[in-house]
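Once you have looked at the hints, place chain A on chain Z.
Protein sequence lines correspond, in order, to chains Z and A.
Residues in the first sequence are numbered from 1 upward in steps of one, following this note's numbering.
Residues in the second sequence are numbered from 1 upward in steps of one, following this note's numbering.
If you're looking for bench data, these hints aren't it; they were derived computationally from the structure.
Treat the numbers as computed from the prediction; the structure is a model and nothing was measured.
Glycine included, each C-beta is placed from N, C-alpha and C at the ideal position.
Please note that a few of the clues may not be correct.
[Stated by the list, open to error] Pair ranges (Cβ atoms, derived):
1. Z:Val132 - A:Val62: 19 to 29 Å
2. A:His15 - Z:Val132: 27 to 37 Å
3. Z:Ala137 - A:Gln92: 54 to 64 Å
[Unchecked claim] Residues of chain Z clear of chain A, computed beta-carbon distances all greater than 10 Å:
4. Arg65
5. Ala75
6. Ser134
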Amino acid sequence: MRSARSARRLLRLVLSVTLLSTLAAGPAQARWSADGAGPATARAVTMPAGQAPVAIAGDSDVTVRWPVATMPDGAAVEGYRIERLDANGNIVPVAAACAGTITSTTCVEHGVPAGTWRYADTPFEGNWAGAVSSSSAPVTVAAG
Amino acid sequence: MSGSIGGLYPGLTTHLPLRVANREQFAIVVTSVVTTVQDASPACTAANLSVAPFVGTARVLVDGTAIVELTVTLRRSAPRGCEGATFPLQYQGEARKA
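So that you can see chain Z by itself, here it is in the shape it has in the complex:
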């Protein structure tokens, strides 16, 4: 009887893990309070950096293209933000077609003022942002 009860008894496996490290900067340390081995963590990635775009100037338009940025599993990031820089490296607001989060890897900025400009891109995923890319080679939009 006792054996039958014992056979029906649920065996409870409890493993308590306390990991001291909370950020990915260093390896986790663990104290095990029960038999067991190995880590017990869920680790998030860091965002990929943007890669330099290519800009081609037309008549007051500039076409900007940039390489796709991917997560470690190969998935493309959900979007990019584009910035235009003047000759002094100051960020200048871009026109609507290149403003906000862009889900493709190209945009055409219309009505670009005459001058010499560079472009850069930043990958986004949710609330996360990668490092801004290096800037494109300069392009010159001639005065109309």
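Chain A in isolation, oriented as in the chain Z frame:
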């Protein structure tokens, strides 16, 4: 029980392979595993990560091991503070004699 997962980013759902070892002198059947997630940091709380419980059966022989898969999701709204963060996990399971 031991198991870790990496490669998480906002909105990603993936599977964590959890290794269950049996050190009893008889075979067992694992019937459930519940995971407790701890804060990765003050800027990245446990609420950003969900790990679905395992409910099913997984037989583990004497001195043997088995793998059960847990479904893990990093919330799409996870803040930037979760980038590169590591969540400590704690597993608690139930098994019966096979």
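- Hints violated by the structure (numbers, ascending): Hint check: 1 and 5 fail, others pass.
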